[in-house]
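Construct the entire structure; sequences and hints are all you get.
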Amino acid sequence: MLYFSKLRIVFITIFSLLFILIASSNLFKFDDGFFNKKINLGLDLQGGSYLLLEIDNEPVIEQKLQNLTTTFRNYFKDKDIKINNIKIDDKYIFFNVSDENKQKVIDIFQDENSEINPYYPRFKSHQLEIEDTGFNLKVNFSRQGLITLKTSSQDQAIEIVRRRVDEVGTNEPNILKRGNNRILVELPGLDDPMRIKSLLGKTANLTFRFVTQNDDDRFGVEKLEFEDGTQEANVSKRIIISGENLLDAQPKMDTQNNQTIVSFTLDRVGAKRFGKATSTGIGKQLAIVLDGKIISAPVVRDTIASGSGQISGGFTFQSATDLALLLRSGALPAPLNIIEERTVGPDLGQDSIKAGMIALAIGFLLVIIFMFVKYRFFGLITNATLIINLFILLGVLTLFEATLTLPGIAGIILTVGMAVDANVLIFERIKEELKDEINNILAFDGGYTKSRTAIIDANITTLLAAVILFFMGSGPVKGFAVTLGVGIFTTLFSVYFIARLFTSLYVSKNKNSGKLI
Amino acid sequence: MIAFNKYYNHFNVLSTVLIVVSLLLLIFKGLNFGIDFKGGTLIELRSNDTKINVSTLRDKFSQMNLGDVSVKKFGSDNDFLIKFENKDNKKNIIEEIKVNLDKSFGNNYDFRRVENVGPKVSAELLKSGVIAISLSLAIMLIYIWIRFEWQFSLGAILALFHDVIVTLGVFSLFSLEINLSIIAAVLTIVGYSMNDTVVIFDRVRENLRKYSDIKIFELTNISINETLSRTIITSATTLLALLAIYFFGGEILKGFSLAMILGVIFGTYSSIYIANTVLVRLRVSQKTVLREDDSK
Chain D
1 MLYFSKLRIV FITIFSLLFI LIASSNLFKF DDGFFNKKIN LGLDLQGGSY
51 LLLEIDNEPV IEQKLQNLTT TFRNYFKDKD IKINNIKIDD KYIFFNVSDE
101 NKQKVIDIFQ DENSEINPYY PRFKSHQLEI EDTGFNLKVN FSRQGLITLK
151 TSSQDQAIEI VRRRVDEVGT NEPNILKRGN NRILVELPGL DDPMRIKSLL
201 GKTANLTFRF VTQNDDDRFG VEKLEFEDGT QEANVSKRII ISGENLLDAQ
251 PKMDTQNNQT IVSFTLDRVG AKRFGKATST GIGKQLAIVL DGKIISAPVV
301 RDTIASGSGQ ISGGFTFQSA TDLALLLRSG ALPAPLNIIE ERTVGPDLGQ
351 DSIKAGMIAL AIGFLLVIIF MFVKYRFFGL ITNATLIINL FILLGVLTLF
401 EATLTLPGIA GIILTVGMAV DANVLIFERI KEELKDEINN ILAFDGGYTK
451 SRTAIIDANI TTLLAAVILF FMGSGPVKGF AVTLGVGIFT TLFSVYFIAR
501 LFTSLYVSKN KNSGKLI
Chain W
518 MIAFNKYYNH FNVLSTVLIV VSLLLLIFKG LNFGIDFKGG TLIELRSNDT
568 KINVSTLRDK FSQMNLGDVS VKKFGSDNDF LIKFENKDNK KNIIEEIKVN
618 LDKSFGNNYD FRRVENVGPK VSAELLKSGV IAISLSLAIM LIYIWIRFEW
668 QFSLGAILAL FHDVIVTLGV FSLFSLEINL SIIAAVLTIV GYSMNDTVVI
718 FDRVRENLRK YSDIKIFELT NISINETLSR TIITSATTLL ALLAIYFFGG
768 EILKGFSLAM ILGVIFGTYS SIYIANTVLV RLRVSQKTVL REDDSK
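Going line by line, the protein sequences match chains D and W. Our numbering applies: residue 1 is where the first sequence begins, and numbers increase by one. Our numbering applies: residue 518 is where the second sequence begins, and numbers increase by one.
If you are wondering where the hints come from, they were derived from the structure by calculation, not from laboratory data. Predicted model only: the values in this text are computed from it and were never measured. Misleading hints may appear alongside valid ones.
[What the hints assert, rightly or not] Derived pair list, reagent style BS3-like, types lysine-lysine, alpha-carbon separation capped at 27 Å:
#1 W:K608 x D:K202
#2 D:K223 x D:K202
#3 D:K354 x W:K590
#4 W:K732 x D:K435
#5 W:K771 x D:K354
#6 D:K223 x W:K608
#7 W:K608 x D:K177
#8 W:K604 x D:K202
#9 D:K197 x W:K607
#10 W:K732 x D:K431
#11 W:K607 x D:K293
#12 D:K197 x W:K555
#13 W:K590 x D:K450
#14 D:K150 x W:K608
#15 W:K577 x D:K197
#16 D:K177 x W:K637
#17 W:K804 x D:K450
#18 D:K197 x W:K637
#19 D:K91 x W:K637
#20 W:K607 x D:K202
#21 W:K620 x D:K197
#22 D:K202 x W:K615
#23 D:K150 x W:K644
#24 W:K555 x D:K177
#25 W:K590 x D:K431
#26 W:K637 x D:K64
#27 D:K223 x W:K607
#28 D:K450 x W:K727
#29 W:K590 x D:K150
[What the hints assert, rightly or not] Interface residues of chain D toward chain W, partial, derived using beta-carbon atoms under 10 Å:
#30 L52
#31 G189
#32 D192
#33 L442
#34 G446
#35 K450
[As the list claims (entries may be wrong)] In silico negatives: residues of chain D with every beta carbon more than 12 Å from chain W:
#36 N174
#37 F226
#38 Q250
#39 Q256
#40 N257
Don't be surprised by glycine CBs; every beta carbon is placed ideally from N, CA and C.
Have a look at this one:
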């Protein structure tokens, strides 16, 4: 156990130096922000906001089912199958068909090439399930159908969220999917997420619809509130143009009456429709509806054929800017709810780094003094190893661009405390060996060999705990698992290669000078 | 040589009492779950105005109709930790609070940290925390079962349960907050306690093979003594590191390091007085380990 070939010594030296070099790339820029770009600082250290958003898919499902009823009606009409009493109740579509058509309808739904019920060969499942209740037919989304729906609304939502966050211009946002109905948004450096929260909290579903007194509008009428909550108006369900028709939206100052407005440009289809609607609807009120609330309902005075227009509604410059931003980035497929939020101010992050570093320095110092007092020369070896170990640990974290969190720093300190364990096990064993062995080399060799199983066992148990924590933990706690886990490997390396190398050099030089430890 | 074995019975009684008391505490008093597991909102507030103190803050917050509000000093004299249920899970609660506080305190305060955990997320976090701890215990059990004979596994696992339960018992007794970092601490305790037990067990097994004529009662004592200096040194260095975190690592790590400190102390104790006594009570002998060797 004590013999090292030249090649091995060279290898160990190069390996250690390499990681020390990598680690020190963090330390050199000490002045302009402690650990620089290499090791990522977690949000708890650099300050920032962590938001977990959940997509509320209920309205999407509702809407899809609504659309499906229309599809069914048209489809079966073409097939000369009469369907009656179609209705939606609690995520189920119910309808009646005559008895002789029943099986035919069921077959259409269960056909792998069905036009109205897509089949996912990969999951061996249709989008919809049909069941004969005896009384009527019941259609609902299959498990896979729901998953597909959720995934697609998540895909759309994450795109919109990304656009909105980018528009606000925070640095290096991190936007990730979680499960099939959640989106994680990490915003480093942002200590007041109020604006982003309010931007993400809006679906931004914009429609232009005529105000109507007429209750028997062909498309249906709904009563909507104005945004300020003061009035209500009956608005037709017929959509003239929607947010999808917008090419651009910008906040502007209306020079005539000194109001902040949002001006918008429409795409070709939108411009055409808008032109037509404004030419036929002169004198009528056109309601601008955002997320079910009327922003304003100006009276149409002229035909607007230019494809551009403006929205006024008592905006401040900030609210006009935000509305324009929302309109530019598009509507969310479904409302988002913020179900978890963690925000750390930058000065608290700084304080945490400072406290963590002080604790690390003090913990390190205490352990080093303790080891020196206890083992003298071999304490020095352990301490030198401990320092190299710390650098290698930082080097590895840097190399993998791991995220360092406050609990992560605690993990490093804990590693320092526990790293000496392996050396202590070895040294204590050597002491025992020296009780009945005069030959130093044999005693040291025996010490290393006999302590090995205990060391491996002991480290594996801690490693197992770290691995579980890594997979089960979240955020800062994950950072703890990383440093603790990586620390075990670097510790074993430094104990078995570096400390052993030092020990072997010392022992072979002083093999005849009595009991060495 | 210290006669640890003289006190096996005494300390078994003590351990049983500790576990029973802890369980009773856990059942009847319960744990003080933080917002991670209970849901709610937490605000760390720093003031630079002496007018802002625990009682004025409590007054202001209780006027805001937020449900159960707790206001505490957090570390230094001008840092405060405010927690409330946020029962209705109001969306813009933070902004509302800011507007309200601005009215009374102007600009003389600052939110350093805001955490808001919805009921769904907190339920999930609690579940995954419980799973993580159970999983770690299960994996340790499997690991030790592979590495040692079943008597050893039983001893190690009893020691682990003891450490986890008694540490949580202390948290319950003093109503210390259980949050995500405490789960991390408990898992680390599991790893550490196992580590400590394994080192002694490793020696017990070695000695069992070496000496056929020494009874397990004596043999465990020999093994404990042989590994004692290692036990003391490692516990000492780990505790030194943890004390450094506790005293200098800032308020946020206080609970975490306290749990770890307790865990290291209980873990060291249980390795000696629970794990080994199980071996004695199960009358482990040389046969136990030799039979295993034969079958290999």
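Right, here's what the structure says about each hint:
| no. | hint | verdict |
| --- | --- | --- |
| 1 | W:K608 x D:K202 | holds, 12 Å |
| 2 | D:K223 x D:K202 | holds, 21 Å |
| 3 | D:K354 x W:K590 | holds, 21 Å |
| 4 | W:K732 x D:K435 | holds, 24 Å |
| 5 | W:K771 x D:K354 | holds, 15 Å |
| 6 | D:K223 x W:K608 | holds, 25 Å |
| 7 | W:K608 x D:K177 | holds, 22 Å |
| 8 | W:K604 x D:K202 | holds, 22 Å |
| 9 | D:K197 x W:K607 | holds, 13 Å |
| 10 | W:K732 x D:K431 | holds, 25 Å |
| 11 | W:K607 x D:K293 | holds, 20 Å |
| 12 | D:K197 x W:K555 | holds, 23 Å |
| 13 | W:K590 x D:K450 | violated, 52 Å |
| 14 | D:K150 x W:K608 | holds, 24 Å |
| 15 | W:K577 x D:K197 | holds, 25 Å |
| 16 | D:K177 x W:K637 | holds, 17 Å |
| 17 | W:K804 x D:K450 | holds, 22 Å |
| 18 | D:K197 x W:K637 | holds, 19 Å |
| 19 | D:K91 x W:K637 | holds, 22 Å |
| 20 | W:K607 x D:K202 | holds, 15 Å |
| 21 | W:K620 x D:K197 | holds, 23 Å |
| 22 | D:K202 x W:K615 | holds, 21 Å |
| 23 | D:K150 x W:K644 | holds, 24 Å |
| 24 | W:K555 x D:K177 | holds, 24 Å |
| 25 | W:K590 x D:K431 | violated, 50 Å |
| 26 | W:K637 x D:K64 | holds, 26 Å |
| 27 | D:K223 x W:K607 | holds, 26 Å |
| 28 | D:K450 x W:K727 | holds, 14 Å |
| 29 | W:K590 x D:K150 | violated, 44 Å |
| 30 | L52 | holds, 7 Å |
| 31 | G189 | violated, 15 Å |
| 32 | D192 | holds, 8 Å |
| 33 | L442 | violated, 18 Å |
| 34 | G446 | violated, 13 Å |
| 35 | K450 | holds, 8 Å |
| 36 | N174 | holds, 18 Å |
| 37 | F226 | holds, 20 Å |
| 38 | Q250 | holds, 26 Å |
| 39 | Q256 | holds, 33 Å |
| 40 | N257 | holds, 30 Å |
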